[in-house]
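A.B. asks: Numbering (my numbering), first residue to last: 1 to 96.
These aren't lab readings, by the way, just hints derived from the structure by calculation.
Since the structure is predicted, the reported quantities are computational estimates derived from the model, not experimental observations.
Take these hints with a grain of salt, some might be off.
Said to hold, decoys possible - No farther apart than 16 Å at their CA atoms in a straight line, the calculated lysine to aspartate or glutamate pairs in the EDC-like style are these:
hint, residue 1, residue 2
1, K91, D59
2, K91, D64
3, K91, D49
4, K91, E12
5, K91, D46
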Amino acid sequence: MVRRSDRVEDLEAALAAVVVFGDDPDDQGWVTARAGTQTLFVRLGDFPDEDRWSLWLGDGRWMDFSVPPAGWTMRVRDRRWPAGARPRLPKNEFHD
């Protein structure tokens, strides 16, 4: 579950990590992965109007990208999230 207060503490380590992102069970439109001690939250963009992916860095900042870093695998199951997942919000809006 992504919150506005979440943040990437070590971006260099996050970008160098070998991780597999999977659907966030709590929030539609997000995928998550653990990289060391931090959880990474990536939002699926509304392509082509937005970049394909956006990594939430925290403090109102994003890293937008179309091609993930070499060690990242993005697994998205046809954009279907569990029935109880919170609905997708526009970029920069959070449920908290």
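A.B. asks: Each hint should be assessed against the structure and marked as holding or not.
C.D. replies: Structure-based check of each hint:
Taken as a hint, the K91 and D59 pair is honoured in the structure, with Cα atoms around 14 Å apart against an allowance of 16 Å. Distance restraint check for K91 and D64: the Cα-Cα separation of roughly 11 Å lies within the 16 Å cut-off, and the hinted pair is therefore satisfied. Taking the CA atoms of K91 and D49, the gap is near 12 Å; set against the 16 Å cutoff, the hint holds. Proximity of K91 to E12 is assessed by CA-CA distance (about 23 Å); at most 16 Å being required, the pair is judged violated.
The suggested pairing of K91 with D46 holds, with an alpha-carbon distance near 9 Å, which does not exceed 16 Å.
This entry does not satisfy hint 4, going by the numbered hints stated previously; all others are met.
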